[in-house]
Amino acid sequence: MTNPLLAPWEGPFELPPFDAIHDEDFAPAFEAGLTEARAAIAAIAGNTEPPTFANVIEALELAEGTLDRVAGVFYNLAGADSTDAREALMRDLAPRMSAFSSEVTNNKALFAKVETLWQGREALGLSPEQARVLELYRQMFVRSGALLDGAEAERLTEVKSRLAVLGTRFSQNILAEERTWFMELAEEDLEGLPDFAVAAARAAGAEKGVAGPVITTSRSLIVPFLQFSPRRALREKAYEAWVARGANGNDHDNRAIAAEILKLREERAHLLGYASFADFKLEPEMAKTPAAVRDLLMRVWAPARARAEADAKVLEAMLHADGIAGPLEPWDWRYYSEKRRKAEHDLDEAALKPYLSLEAMIAACFDCANRLFGLEFHALDVPMYHPDARAWEVTREGQHVAVFIGDYFARGSKRSGAWCSAMRSQKRLGQDVRPIVVNICNFAKGDPALLSYDDARTLFHEFGHALHQMLSDVTYGFISGTSVARDFVELPSQLYEHWLEVPEVLETHAKHWQTGAAMPADMLKRLLDAGTYDQGFATVEFVASAMVDLAFHEGAAPADPMQKQAEILAELGMPHAIRMRHATPHFAHVFSGDGYSSGYYSYMWSEVMDADAFAAFEETGDAFDPETAAKLERFILSAGGSRPAEELYLEFRGRMPGVEALLKGRGLLDAA
1 MTNPLLAPWE
11 GPFELPPFDA
21 IHDEDFAPAF
31 EAGLTEARAA
41 IAAIAGNTEP
51 PTFANVIEAL
61 ELAEGTLDRV
71 AGVFYNLAGA
81 DSTDAREALM
91 RDLAPRMSAF
101 SSEVTNNKAL
111 FAKVETLWQG
121 REALGLSPEQ
131 ARVLELYRQM
141 FVRSGALLDG
151 AEAERLTEVK
161 SRLAVLGTRF
171 SQNILAEERT
181 WFMELAEEDL
191 EGLPDFAVAA
201 ARAAGAEKGV
211 AGPVITTSRS
221 LIVPFLQFSP
231 RRALREKAYE
241 AWVARGANGN
251 DHDNRAIAAE
261 ILKLREERAH
271 LLGYASFADF
281 KLEPEMAKTP
291 AAVRDLLMRV
301 WAPARARAEA
311 DAKVLEAMLH
321 ADGIAGPLEP
331 WDWRYYSEKR
341 RKAEHDLDEA
351 ALKPYLSLEA
361 MIAACFDCAN
371 RLFGLEFHAL
381 DVPMYHPDAR
391 AWEVTREGQH
401 VAVFIGDYFA
411 RGSKRSGAWC
421 SAMRSQKRLG
431 QDVRPIVVNI
441 CNFAKGDPAL
451 LSYDDARTLF
461 HEFGHALHQM
471 LSDVTYGFIS
481 GTSVARDFVE
491 LPSQLYEHWL
501 EVPEVLETHA
511 KHWQTGAAMP
521 ADMLKRLLDA
531 GTYDQGFATV
541 EFVASAMVDL
551 AFHEGAAPAD
561 PMQKQAEILA
571 ELGMPHAIRM
581 RHATPHFAHV
591 FSGDGYSSGY
601 YSYMWSEVMD
611 ADAFAAFEET
621 GDAFDPETAA
631 KLERFILSAG
641 GSRPAEELYL
651 EFRGRMPGVE
661 ALLKGRGLLD
671 AA
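Residue 1 is where the sequence shown starts when you use this note's numbering, and the numbers rise one by one after that.
These are calculated hints, taken from the structure and not from any lab test. Hints may contain errors.
Said to hold, decoys possible - 30 Å max Cα-Cα, derived DSS-like pairs, lysine-lysine:
#: 1; residue 1: K237; residue 2: K339
#: 2; residue 1: K664; residue 2: K631
#: 3; residue 1: K263; residue 2: K631
#: 4; residue 1: K339; residue 2: K313
#: 5; residue 1: K288; residue 2: K108
#: 6; residue 1: K288; residue 2: K313
#: 7; residue 1: K288; residue 2: K664
#: 8; residue 1: K288; residue 2: K631
Using the sequences and the accompanying hints, generate a full structural model.
Structure representation (structure tokens):
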């Protein structure tokens with residue numbers, strides 16, 4: 001029988017035939033893809049003709065077609081709908097895929113061809129995009145160790161292989177912890193919880209095979225519980241389980257893994273001639289140096305901490321008024337902050353949520369994309385990998401642009417968090433390939449699913465990433481979509497969040513799911529007025545995580561990361577009632593792979609730009625100004641990595657912003 005992963009995909013838009021793919025198909029498909037890719041690489045390296053951009057760089061772009069196709073399906077499914085077989089294959093693939101990558105970048109004959117092109121680039125007559133692709137290919141080879149020889153080259157290969165294994169194990173340990181822990185609630189434990197939270201807890205219980213309601217460590221379930229439950233002991237139990245993921249002394253404990261990862265990263269950097277892993281990692285980013293990152297974070301830390309400390313005093317007084325001696329603890333913050341928000345802003349999340357149904361917010365995302373970029377979305381009736389996943393065709397003026405897949409609900413087979421990925425990225429080399437873009441979220445399931453305002457913001461955030469993928473317009477897949485500097489990649493996503501705050505968007509789409517009535521004008525005003533509420537807390541928990549990440553990689557690797565984490569937080573003067581957003585044992589951004597290592601700061605770096613970028617629309621008096629939207633698409637969303645990030649932003653805005661835009665956006669300017 002033909003392997004469906006290797007046969008031509010002849011369905012609508014050449015979507016993967018999810019209904020025909022089985023777990024046992026993946027291993028042989030990867031084997032075939034690797035065999036084909038190795039043969040293609042060998043042919044490029046062994047070509048006796050003089051190297052040209054076409055027979056080296058463009059050939060490399062096309063060398064891994066089958067492997068890319070198989071991996072695009074597998075890794076998306078492994079994150080969104082894991083099975084034991086998929087997890088086992090991920091563990092098997094981690095060292096093998098790393099070894100293949102090292103084979104390519106350690107191939108001396110191949111690198112010699114790239115280097116010849118680089119040294120003679122001025123005479124090649126390359127287009128600006130081709131010149132950029134050549135530069136990035138050479139950078140990839142050099143940063144992967146192509147200039148190393150002998151024992152050093154062998155050791156770097158070993159280090160990268162081990163890091164791949166550890167990153168996979170770290171991620172799977174978190175998933176195992178999240179899948180197995182839940183707290184059953186008796187009916188009396190539902191006291192104080194609004195209907196949407198009760199419904200979500202019952203749905204989670206059904207998903208876990210439990211007769212009654214449960215609380216899991218899914219953010220969309222545990223945060224409402226912490227906000228509304230008056231049962232302090234249960235809040236503490238749930239909170240401590242949430243923050244202890246990966247640190248429970250069991251088979252899924254990540255603390256030793258984190259220590260080994262940090263040590264190996266330090267060795268990797270030293271092998272490549274860098275003083276630290278942070279120096280290595282930040283070199284190609286906009287920030288360039290650890291000092292620049294630290295400067296940004298500390299400029300934000302001081303006013304954020306001051307605001308958080310002032311807020312803590314108010315919340316602790318509320319705790320005392322309830323007859324609890326205190327002090328205010330981390331499992332108390334959200335409960336009393338929600339009470340304070342209701343008192344000061346007359347804003348009750350339980351009253352707000354019926355206006356923020358998932359369906360209404362998806363429609364809002366699509367409507368904004370239509371008004372800004374002319375995109376239209378048409379639901380598709382096609383097989384998906386899970387019943388919760390849905391697909392739309394994206395068109396513009398009748399022309400196919402992309403397929404967009406949304407998979408929005410939490411489940412035990414899905415890793416936590418929210419993310420955007422591409423099963424297939426846009427490119428024009430060889431043929432016009434249109435992307436298949438996926439948004440993954442972990443919202444609590446309900447009938448209907450009702451979102452918090454933070455959930456709605458997450459939906460817009462991930463859709464901003466999706467637009468970056470869908471509107472990509474480049475020739476080479478190497479620079480397609482979100483293939484940009486890590487501290488630039490969050491700009492489109494965080495910028496898109498701003499349209500959720502445009503009053504006319506909520507006026508149009510925030511309709512009560514039962515009555516169809518628009519959100520009352522006074523509620524809408526209170527919601528928008530409270531936009532910067534509790535930003536001291538949110539900023540402190542984020543910056544603390546970013547500072548720990550930076551410190552882990554900036555100097556010698558700590559023997560005990562947990563001790564180092566505690567030292568860093570003590571030096572910062574971390575408020576007692578706030579913890580890091582992501583503690584080390586479940587800090588997947590940093591330890592599940594290299595993506596955000598030394599780079600968690602990038603959300604904040606991008607936020608400096610997104611506040612300024614949205615101001616470009618505000619300055620026209622129209623949040624949907626066509627000329628500004630066209631510039632945004634041309635210089636940011638369609639450009640991918642075709643030019644350095646700073647150049648692209650300067651083309652769009654004409655200048656680089658200062659940190660004041662960020663502080664203003666978070667309501668912290670007066671605390672600076």
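To see whether the hints hold, each was checked on the structure:
1. K237 / K339: It holds: about 21 Å lies between the C-alpha atoms, which stays within 30 Å.
2. K664 / K631: holds (24 Å)
3. K263 / K631: violated (44 Å)
4. K339 / K313: Holds, at about 14 Å.
5. K288 / K108: holds (28 Å)
6. K288 / K313: violated (38 Å)
7. K288 / K664: holds (25 Å)
8. K288 / K631: Roughly 26 Å between the alpha carbons, so the hint for K288 and K631 holds.
Comparing the model with each earlier hint shows violations of hints 3, 6; every other hint is respected.
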